[in-house]
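Visitor: First to last, the sequence lines map onto chains A and B.
First residue of the first sequence? That's 1 in the working numbering, and the numbers climb one at a time after it.
First residue of the second sequence? That's 1 in the working numbering, and the numbers climb one at a time after it.
Worth double-checking, as some hints may not be accurate.
Stated by the list, open to error - If the Cβ cut is set under 7 Å, some of the chain B residues that face chain A in the computed set are:
1. Gly122
2. Asn138
3. Gly140
4. Pro190
Source of the hints: derived by calculation from the structure; they are not laboratory data.
C-beta: ideal position from N, C-alpha, C; glycine also.
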Amino acid sequence: MAGKTIVVTSGKGGVGKTTTVANLGTTLAKKKYSVVMIDTDIGLRNLDVVMGLENRIVYNLVDIIEGKCRKEQAMIRDRKIPNLFMIPAAQTREKNSITPEQMKELCSTLAAEFDYVMIDCPAGIEQGFKNAIAGAETALVVTTPEVSAIRDADRVIGLLEAAMLKHISLIINRLNAKMVKKGDMMSTEDIISLLSVPLLGVVPESDEVVVSTNRGVPLVHDRSSKAGAAFRRMAARLNGEENLPLDGDGSHGFFGRMKRLIWN
Amino acid sequence: MPPPVQVKADRNGFTLVPDPAASLDAIVAFMDERLERSRDFFQKTEMVLDLRTRPMRTDEISVLYEKLYEKSKVKVVEVRLSDELSFSIVAERRKSRIVSKGAGPEPENCAPLIVRNTCRSGVRIVSSSDCVVLGDVNPGAEIIAEGDVVVFGALRGLAHAGAGGERTARIWALSIEPNQIRIADLVAVPPQGVKPAPARFEVAEIQNDVIRVTCL
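Same shape as in the complex, but just chain A:
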């Protein structure tokens, strides 16, 4: 049975792509699904640091593609969860070391073995982006409630639609409910009406995220974290456990739930 290949992308840098991949991947693996996460940000790898696996890297993505190792050799097993793997990016190479066709092939072989293949996309819309989306059939677009991030997300959604990806959904990261209430930040509704893409989830702004990134332990391991809870809900929705929220007004109940989640 073929697994799902999911690319997490944003256009703009620093909005939380890698954090999202790490947390969604970890949550899905905790649900006993086999998960492999691929860092495609060749030259600027981060996922290994966020997962706390930096010191275990021997082989990387480019080595697999160039045939210097078997893919099993480059897959690093998580410290806590035995069915969670990560393929790190090469730090000393460039984005054009691999091609979209090669990524497509790798993703389809991985999808045959794993339930979920999560692809961490680099920022930008150049070669690295094209590589990352080549093998994916689902895309998660991460944005923060800032005009610049939303502008880039819009461009990326346009490119994903042109690349004919089947499913595109939106993740709003770092939403500050207090600022939204004061009218200093764009609300979830505003962002959805502009981007017109179904929403997967909203992650509240939280200091815990920085701490967990620095410690190299994904947030979802911490049961008390609200941002972690948001990621767990997203993973459940991604897994089809809850109905995906609809566009616009139809998702009123969902917004209510989301708001409660943020306000708790």
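On the provided structure of chain A, position chain B as indicated by the hints.
Guide: Okay, now just chain B, sitting in the frame of chain A:
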């Protein structure tokens, strides 16, 4: 490696099928060479452009169109976007888009270009007549029409109506909230502050050499 464009022949004529991975430059260069090799064969033929596997932007289509016509008088008469959707290019396109001001050329009887989805950032749509967008125009998108621009949605990106110098052209939208709008040779920037939501739709037109937006 497959060629950037496949030229297929069937009962109805020729169909051009660009490769999904091919760049515009590669496509144009390949067609250039192909037409060069068999110049008389394709002379004055009509072709269908099949964009089901490789979507193209309107400005890319118009580059290819003009290139083919220049080279061998090959006319692209139809653009196929999907199995259900294709539109034909009937009217002769004008060679240069930006016509000098002064004696305004007679507006040609062209069918309006209809865009059936939201225009996202990075999209550039060029029409030699009117342009109708059934969806929003997001910031970073550009709609350039020699005639009117009509948006059945919110206009948040750039719109240029009357790009050929036609000062009577107008911009219609359910709500006009862009960073900038242009009509003919004039450019307008919206005033600072929050504007009231329009009741039904808004029109931008030139009145006394200034672009004005009216709520209707």
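Visitor: Would you mind marking each hint as holding or not holding in the structure?
Guide: Hints, one by one, checked against the model:
no., hint, in the structure
1, Gly122, "holds, 4 Å"
2, Asn138, "holds, 5 Å"
3, Gly140, "holds, 6 Å"
4, Pro190, "violated, 15 Å"
The structure fails hint 4 only (numbered hints given earlier).
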